[in-house]
Amino acid sequence: MGSDTILDAKQRVSRRFLGQAGIHGIGLHPDASDTISAYRSPRPGQRTSEADQMDGPEAAFDDDPLVEELRREAHPIKIEVHDDDAPEI
1 MGSDTILDAK QRVSRRFLGQ AGIHGIGLHP DASDTISAYR SPRPGQRTSE ADQMDGPEAA
61 FDDDPLVEEL RREAHPIKIE VHDDDAPEI
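The sequence shown begins at 1 in full-length UniProt numbering and counts up one residue at a time.
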């Protein structure tokens, strides 16, 4: 894991976590070349509006053990977890 590129880390995180615990998307952060974005459906009763989340997009998940696993798996690449409704087709 030490010399992984961001694409290696993204692929590894996707294989391990996509479809688990509401995680419905893994992508590259649009504004940061060293960060992976994970998109997770909000838990019941959780607000999804960023205006409602005064502590930032990761605050709702900081206490979640799965987020810590995501960060360990992506290390040394940074990862941000965003609570976002899954797209509907």
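Note that these hints are calculated values from the structure, not bench results.
Glycine included, each C-beta is placed from N, C-alpha and C at the ideal position.
A portion of the hints provided could be inaccurate.
What follows is a set of in silico ranges between Cβ atoms, one per label pair, in the way DEER data are often shown [stated by the list, open to error]:
1) Ser-14 to Asp-64: 14 to 22 Å
2) Glu-69 to Thr-5: 28 to 36 Å
3) Asp-4 to Glu-88: 32 to 40 Å
4) Thr-5 to Asp-31: 28 to 36 Å
5) Arg-72 to His-29: 27 to 35 Å
Hints versus structure:
| no. | hint | verdict |
| --- | --- | --- |
| 1 | Ser-14 to Asp-64: 14 to 22 Å | holds (18 Å) |
| 2 | Glu-69 to Thr-5: 28 to 36 Å | violated (21 Å) |
| 3 | Asp-4 to Glu-88: 32 to 40 Å | holds (33 Å) |
| 4 | Thr-5 to Asp-31: 28 to 36 Å | violated (19 Å) |
| 5 | Arg-72 to His-29: 27 to 35 Å | violated (18 Å) |
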